[in-house]
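Peer 1: Just need the whole structure built from these sequences, with the hints factored in.
Going by UniProt numbering, 47 is the number at position 47 of the sequence shown; the sequence numbering is gapless.
No wet-lab data here; the hints were simulated from the structure.
Be aware that a few hints might be false.
Stated by the list, open to error - Label-pair distances were calculated between CB atoms; the ranges are:
hint, residue 1, residue 2, range
1, Leu47, Thr8, 13 to 23 Å
2, Ile7, Thr38, 15 to 25 Å
3, Ile41, Ile7, 15 to 25 Å
4, Ala28, Asn51, 33 to 43 Å
Just so you know, even glycine gets a beta-carbon here, dropped at the ideal spot from N, CA and C.
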Amino acid sequence: MGGSGAITLTVIGALIIGYLEKILSINAVPESYRLMLTGLIIVGAVLFQRNKRAN
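Peer 2: Written as structure tokens, this is what we have:
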């Protein structure tokens, strides 16, 4: 089917995940929790995009 998207949204998403990773690292959050949170953010973004495309 091919993908669609904007590079600006990709960059914003990468910055948000990087910033969140840095904050959690500074606060000594275990890496397993950081990975789970990152995964949840990615899954949430995919579901949001999927719902947005369906409408």
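Peer 1: The structure should be examined with respect to each hint, and the outcome stated for every one.
Peer 2: Verification of the hints:
In this structure the supplied range 13 to 23 Å holds for Leu47 paired with Thr8, their Cβ-Cβ distance being about 21 Å. Between Ile7 and Thr38 the CB atoms are about 20 Å apart, so this pair conforms to the stated range of 15 to 25 Å. Checked against the hint of 15 to 25 Å, the pair Ile41 and Ile7 passes, with Cβ atoms roughly 19 Å apart. Separation of Ala28 from Asn51 is about 35 Å and conforms to the stated range, judged on CB atoms against 33 to 43 Å.
In the structure shown, no violation is registered for any of the earlier numbered hints.
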